[in-house]
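Engineer: Guided by the hints, dock chains B, C and D with the ligands onto chain A, whose structure is given.
Listed below, chain by chain, are the residues.
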Amino acid sequence: MTVLEQPGSSGNKGTLPGPPPAWRPHVDPAPLLPDATPYRVLGTDAAARLDPGLLTSLYVHLVRGRRFNAQATALTRQGRLAVYPSSTGQEACEVAAALALEDRDWLFPSYRDTLATVARGLDPVQALTLLRGDWHTGYDPREHRIAPLSTPLATQLPHAVGLAHAARLKGDDVVALAMVGDGGTSEGDFHEALNFAAVWQAPVVFLVQNNGFAISVPLAKQTAAPSLAHKAVGYGMPGRLVDGNDAPAMHEVLTEAVRRAREGGGPTLVEAITYRLEAHTNADDATRYRAADEVETWRAHDPIALLERELDARGLLPGEFVTATRDAAEEMAASLRDRMNADPELDPMDLFRHVYAEQTSQLAEQAEQLRAELAAEAADQSVQEARP
Amino acid sequence: MTVLEQPGSSGNKGTLPGPPPAWRPHVDPAPLLPDATPYRVLGTDAAARLDPGLLTSLYVHLVRGRRFNAQATALTRQGRLAVYPSSTGQEACEVAAALALEDRDWLFPSYRDTLATVARGLDPVQALTLLRGDWHTGYDPREHRIAPLSTPLATQLPHAVGLAHAARLKGDDVVALAMVGDGGTSEGDFHEALNFAAVWQAPVVFLVQNNGFAISVPLAKQTAAPSLAHKAVGYGMPGRLVDGNDAPAMHEVLTEAVRRAREGGGPTLVEAITYRLEAHTNADDATRYRAADEVETWRAHDPIALLERELDARGLLPGEFVTATRDAAEEMAASLRDRMNADPELDPMDLFRHVYAEQTSQLAEQAEQLRAELAAEAADQSVQEARP
Amino acid sequence: MTTTTAPTTARKPAAMAQALNRALRDAMAADPSVHVMGEDVGTLGGVFRVTDGLAKEFGDDRCTDTPLAEAGILGAAVGMAMYGLRPVVEMQFDAFAYPAFEQLASHVAKMRNRTRGALPMPLTIRIPYGGGIGGVEHHSDSSEAYYLATPGLQVVTPATVGDAYGLLRAAIASDDPVVFLEPKRLYWSRADWSPDDPEPVAPIGRAAIRRPGTDATLITYGPSLPVCLEAAEEARAEGWDLEVIDLRSLTPFDDETVTASVRRTGRAVVVHESNGFGGPGGEIAARVTERCFHHLEAPVLRVAGFDIPYPPPMLERHHLPGVDRILDTVARLQWESDRTEGRGD
Amino acid sequence: MTTTTAPTTARKPAAMAQALNRALRDAMAADPSVHVMGEDVGTLGGVFRVTDGLAKEFGDDRCTDTPLAEAGILGAAVGMAMYGLRPVVEMQFDAFAYPAFEQLASHVAKMRNRTRGALPMPLTIRIPYGGGIGGVEHHSDSSEAYYLATPGLQVVTPATVGDAYGLLRAAIASDDPVVFLEPKRLYWSRADWSPDDPEPVAPIGRAAIRRPGTDATLITYGPSLPVCLEAAEEARAEGWDLEVIDLRSLTPFDDETVTASVRRTGRAVVVHESNGFGGPGGEIAARVTERCFHHLEAPVLRVAGFDIPYPPPMLERHHLPGVDRILDTVARLQWESDRTEGRGD
Ligand SMILES: Cc1ncc(C[n+]2csc(CCOP(=O)(O)OP(=O)(O)O)c2C)c(N)n1
Ligand SMILES: Cc1ncc(C[n+]2csc(CCOP(=O)(O)OP(=O)(O)O)c2C)c(N)n1
Ligand SMILES: [Mg+2]
Ligand SMILES: [Mg+2]
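Residue numbers (the numbering used here), protein chains in the order written: chain A, 1 to 388; chain B, 1001 to 1388; chain C, 2001 to 2345; chain D, 3001 to 3345.
The following block holds chain A by itself, in its conformation from the complex:
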């Protein structure tokens, strides 16, 4: 498996000096290396073989996803969300990640991947709880098999490895798909997670969305590698490079990696080349660090436009379908807006719940203190309200 086979196997013993005895390369690096250019399907001959059902389903998801992003950003302007990191432009990655998984599989999203959780079926309001600010995680991760959206970059990757490993130990054919950004690949946790996954042959798929920036920092300041997918060989797993704006290509590569993982073939690193069309978050001003014409160049490679072209060419984009898709997305957005306009129910005593399985005496004391303060506040208020 690795350069040194332990224990005691030997190379060309006797013919000294030769390669060190017991040394033998075991893995052929060639199949682990990514292609020189990103894999794509749209615009190639392979596109003709794509299942129409898949294409239209991807399309519905992409349109809905973009509308979701727009709505969430709008909610920040209305003060209904504290912040929103949009994935507009990256919808093909988000949607493909969700669709590549079976129900029993687990998704490990990063903070930008709300859309992937929604595409996987999570209630949008629950998905946005973190960013609305009424609690940290708005859903039960075990119920949905979606880990909490991870804010500390790359820290979710070892979790995915551990979970996938545990599932395999338990005999469950569960796969974990973990998402991270190009910037996140620089973190030590990225390295440690990929290494553990390869050594354990854990059923994990690592999806790097290389959108060219980590906030303001361009990829050239993040890595000098030929591609991020070239990191894979250093762990002994295959690295795949994909056009992240080509939805069927993304879907195919991820589905294939998930299948391989499920069948015991071990982890895969997938690098999706994509672009964040909007600012880092609503609070960011992207004009400080990138030129408008770069953004325009990428708009020309929009994932929805690419897919529409294919659908259209194959007669799969009738007007009614487009309208129905847009209407459904509008309906989702309207419902989201309405539901987010309702103030969430808040219970300050939640602060002291779930810190430990059993509340400590210290926390009970502190809860008592807050309860008294709130009572005093309420009393004050009713006194004030009673005044003319």
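No lab work stands behind these hints, which were simulated from the structure alone.
If you're wondering where the values come from, they're calculated on a predicted model, not measured in any experiment.
It cannot be assumed that every hint is accurate.
Here are the simulated SDA-like cross-link-like pairs (lysine to any residue), alpha carbons at most 20 Å apart as the crow flies [unchecked claim]: (1) D:3056 with B:1290; (2) A:170 with D:3295; (3) C:2012 with C:2189.
Which residues of chain A face chain D? A partial, calculated answer using Cβ under 8 Å [what the hints assert, rightly or not]: (4) 148; (5) 163; (6) 167; (7) 321; (8) 322; (9) 357.
In this text, a Cβ means the ideal position worked out from N, Cα and C, and glycines have one as well.
Structural biologist: Chains B, C and D with the ligands in isolation, oriented as in the chain A frame:
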């Protein structure tokens, strides 16, 4: 330089769907990949071209180095060293690392690399201070351009990058060579250091001594990679695989990497395939995790024996030379033993020195407390001694 | 906000973030060995704009956008300091300094000591800390207890615009590593200020009495200073004249100023946003008590964040020490003859 | 060493390391979801042999030699816990837990809370800690202050052979993450012991009175317990009858036992090996004072490691709290009428 050229350069704009605009691979991965087998010189035709002076000098260093290791281990048995992690079997790596550097360059050793510091010219007693236990670092790193021996694994690697980067910013053509073990490559700091080095094109050489084990853990449980040198391409630097027991091969590869770094060519990752012939430290029992015959296999590939064979074949190993080399090594060992047998001067008040540039009032108080305790202790003792 | 230093030259309103920016600029101009580095500190000028304009003025080599890896950033800074530079590292948020914890605890804090002074670490690590800005999880930690418990570090935190400038200049000039904690909710607090004020470099290790008082001492720092000053104003209505001490440096600790104050007032409350249990308040209360025991009319009490993970934005106001909670605690300093024990009794 | 539990079944001398080993074995046998993982825990049985034989008995999948990467180890354990396993992680030495600090602070400690209880973290993190074994640098840190300051963690440390077994069983059974600090210099301390002793599972959050006394309370834990017991014996010669409390759990803290003791004795000294400044002693002294103020004849004093990086082997004895230093401090508890302030006065 990297997969996304920022800002605004474009690929095949217009011919949609093509590769994403602005996407272009810039680095050819091929030259960054290591050879399939470790580079070696001894026993090949290239050996004939080796400079006799270099060969005999390496030989003297190796013999001396082995003797040093033996003496240090003996000192642990006599209670003169708290612990010693021997590099017996790895002397070619240790010596080549030291000799590849110019005086103005910096060496960043790990805790196993005492020998490299001695080969670089450090007083052996100073080099062993850490392991004797009278202080943490026994020498002035700036004077010798040797960083403190690093116990927390891989943490010295980013230091080497920062130092090399700083030197380059100051216009000094200084190279840093940093040493780490196979186990240490699993740490996040390894990853972050290599990435910084490549992005900054810092003049650093990373030398991984792959001796097959991290204490008891064999390489197969540490990595699934074709080789550790295959990690290099993932950072965009060349990876070289070398027979770590072939002293001239090690010397050549490291010297070349140092030259490249000095000339602005950026960092290199060198993996040396070697073997630790002794236990992890004197306190370890290696028979718990590896078979005797594996060790024997590696003894047959001993770096000193390999070099002797070449020297002998070329008539460079006359009896007097061998005797003189051994005698000199014995002399070094005897002097080391004598000097280590003297108790080091200890001043308990050193505890409070160099915690901060200026002693805080709190530390002054604590120093006062200890001084009083020591005085009381001394008084007690003289009372007791005065008793009949 | 009261300061102990009287202004002389032209002053105008400035935000703390601007004063910090000016401090960096002045330090870089004065000393070519000062290098600023971190995530987004270059082109963007930092997510809080504290490094705005520095890359433009001094070049990318002096103000560097690093790869996204905090251990790598701090580790590289250690190496740069070994070669004689004076790195100023920015950690983007409090919790994102944790990946660098090993470099901090095992190298930054110990390097001078390990090498008998041969390798000092004149590093400044700027960390925006604390809550109150509606940040999502992991963006509002008060992590000062970790740094306090690490000998070899200086731990400094400004609470005023003037100190933001003065202490940052002092931190960068210090030959020891300084964890420089910037109260992020005060970034946009403004005060009349000029860098030409006398004594622009505030000394590390010296607390400031921000409000003199006679009845009890509020001991605080960073984001809680304005809250304490407001509490002290409101306390006048209750007939309490409170002294307010801004520690400014947690390490080294200014025992002299604090001890003198509490001996005078006989009562003290420590106020901070960090979790109470295991937080700085324990150390402060313990050492004040050791030194002032027979002057104390009541135990030194603490007002701190609850012993919980930092709450989500919509609940954070309940967690943060506010004026009412401080006044309630002051009221428990046994002003009358009712000599019952403190909370938990 | 006195214990509060009376033995009934056959007992024989056992070392703490053996009791820990037995606890792991029994826990693994009782619950198939218990997984041991770390560096060298498998074939080698750990550098302190605490996991000896487990890989052989339960297989590599239950006792796993991991790659050498502490954040990866703890991060993977988090994922395993998410899937319902009960990982027991070994960090090889105190300072080598630092690379995992972000995983610990941002995930392990917070996961239950972040998810409203949906993802509990029934993790045990075993960390050999403290000095006194002649280790080179980075091998002797007392890092408990970091864990104390992190809400969501339980912090437990045994000081006796019986507790080593009982607390480790309790830690593994706990549905909350436990930082289990093993005093490495007590690994080979022996006591008559049998796992069949009544109440083999020691409750988390409960201190033990190891020696009853009337004149003052020594509050301690882990490696300092034997030192305190020795000091208490020697104190009899001075006429002091000292009570010795072994905290066993630092979080949650047993206020009840400690408060009751100090109210009885009226005097207290906190003893630990960790650095004094910002160390656990501050918290302990502060909360004892809050609760016992009017019972105290003297300020609660502290005997702790100096505020320095852990010293090299040949100097460590000067750093570690010893019997004399404890007795000197007890002597300063204002036994006579001389009512001067504490140290620093
Ligand atoms: C450990 C850590 N360090 C820093 C940050 C602050 N931060 C949030 S997002 C971000 C950039 C992430 O870039 P990338 O990984 O490329 O993801 P993208 O935003 O492009 O989706 C940074 C630096 C963080 N969240 N976590
Ligand atoms: C961060 C860290 N984790 C764990 C250790 C404990 N430790 C010391 S040496 C060692 C094995 C190192 O193996 P390798 O890197 O291959 O170097 P070698 O001993 O073979 O020279 C371990 C686990 C450490 N020193 N630092
Ligand atoms: Mg990105
Ligand atoms: Mg090794």
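Engineer: Give a verdict on every hint.
Structural biologist: Verification of the supplied hints:
no.	hint	verdict
1	D:3056 with B:1290	15 Å, holds
2	A:170 with D:3295	57 Å, violated
3	C:2012 with C:2189	13 Å, holds
4	148	6 Å, holds
5	163	4 Å, holds
6	167	6 Å, holds
7	321	39 Å, violated
8	322	39 Å, violated
9	357	4 Å, holds
When each numbered hint is compared with the structure, violations occur for hints 2, 7 and 8.
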